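For the protein sequence lines, the chains are A and B, in the order given.
Residues in the first sequence are numbered consecutively from 1, following our numbering.
Residues in the second sequence are numbered consecutively from 1, following our numbering.
Read the hints as simulated data drawn from the structure, not as lab findings.
There may be inaccurate statements among the hints.
Stated by the list, open to error - Calculated from the model, a selection of chain B residues having no Cβ within reach of chain A, i.e. all distances over 12 Å:
| no. | residue |
| --- | --- |
| 1 | Leu52 |
| 2 | Lys70 |
| 3 | Thr113 |
| 4 | Ala131 |
| 5 | Arg142 |
Stated by the list, open to error - Simulated pairs of lysine-lysine, DSBU-like, Cα-Cα distance not exceeding 35 Å:
| no. | chain 1 | residue 1 | chain 2 | residue 2 |
| --- | --- | --- | --- | --- |
| 6 | A | Lys107 | A | Lys166 |
| 7 | A | Lys166 | B | Lys121 |
| 8 | A | Lys131 | B | Lys121 |
| 9 | B | Lys70 | A | Lys105 |
Every value quoted in this text rests on a predicted model; they were computed, and no experiment measured them.
Beta carbons are placed, not taken as given, at the ideal position from N, Cα and C, and that holds for glycine.
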Amino acid sequence: MKRSMMSKFMIGFFCTLLSLPAIAQEDELKDLPGYVEFGDLSSMYGEPKIIINLGGTMLNFVGMMSSQESPETSELISKLKGVRVMIYETDENAGAAKSQFVEVKGKLKSSGWEPIVQVNEEDEQVMIYMKMDGENMEGLTVMVIDEEEAVFVNVIGQLNPAELGKVMETLDVDMDLDLD
Amino acid sequence: MKDYDHKLDGNWEQQINALLDGELGQTDADELKSAATDDRELARAIVEAYQLQQVMAEIKVERAPASLNKRLRAIPREQRPAAGISLFQPRWVMALAAVPLAIIAVSIMQPDTPSEAEIAKARQELAIAFAYLDKAGTITGRGIESTVGNTMADAVTGSVNRAIKLQNETSKEKEA
């Protein structure tokens, strides 16, 4: 009995220890003004298809790694403090995701985010918000819902979308995202 | 013999021992005394047992030498199973708990250096994030185009990239 309790304690201790880096990275991003809390849709759609949480430290390393092949890419990445992506598969049942959009939209408006572009079509909704602090961009938030998925992207730091194309070439992005 | 002859040998011996140890009840003690009065053999057995007890009490207890004590105390330790190094002993638990704490302390003090594989994975994740940003840009460009026409869409925004750039510039102008 005593041994069993001790085993549970040790397992719990090591699990907590292993999750510390992820918790620390998420906490690091939460303190930044460009951070957006998207909420949790897992009760409706299950675990997200994609979760990305890149903190400033990791982005610095990615930037350094890219510096030789493309100084432009390295410079763009160096201005980023965090990148978060959360994608749920909606399977043609986007109701909950749309409600979440409305909720996040309200939060963004009340915390000083400015709407940039919004597309409201029957089968597709896109919202792009940006947060500025004087001349500096603090964050970019993009939300996309179509028949298949709900996408939440939060870029913390400065990003010039016009440079995205070049950067994607450098990063050798070969994504087959369905845009039809 | 009297009616208590049946208590000979074993039973009387137990009664005598109990009497000498002071554990015999009053009734039994009286019965034993009464029996001893009539039975000389029993009376002699009681007297001999009493004398033996006195002699034993007078024998001095010799203390064992220190070296023998030490060797005797060591026997339980030597008899313990060799595989008795249990990770659940408090000292081992403390030691095991100290290892990750030391790792955390070192990792906090030193800059985080991810492995090459971790950086490559992060690079791939960044590419995915950018791909979705690009997808959003394409959808918004297409949406605007379908609403106001190709030429107008191009003239106004062209794409979300230009729209955001415009927003950036506007903010800068406001500041100026």
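Taking the hints in turn, this is what the structure says about them:
no., hint, in the structure
1, Leu52, "holds, 50 Å"
2, Lys70, "holds, 32 Å"
3, Thr113, "violated, 8 Å"
4, Ala131, "violated, 4 Å"
5, Arg142, "violated, 8 Å"
6, A/Lys107 / A/Lys166, "holds, 32 Å"
7, A/Lys166 / B/Lys121, "holds, 20 Å"
8, A/Lys131 / B/Lys121, "holds, 28 Å"
9, B/Lys70 / A/Lys105, "violated, 80 Å"
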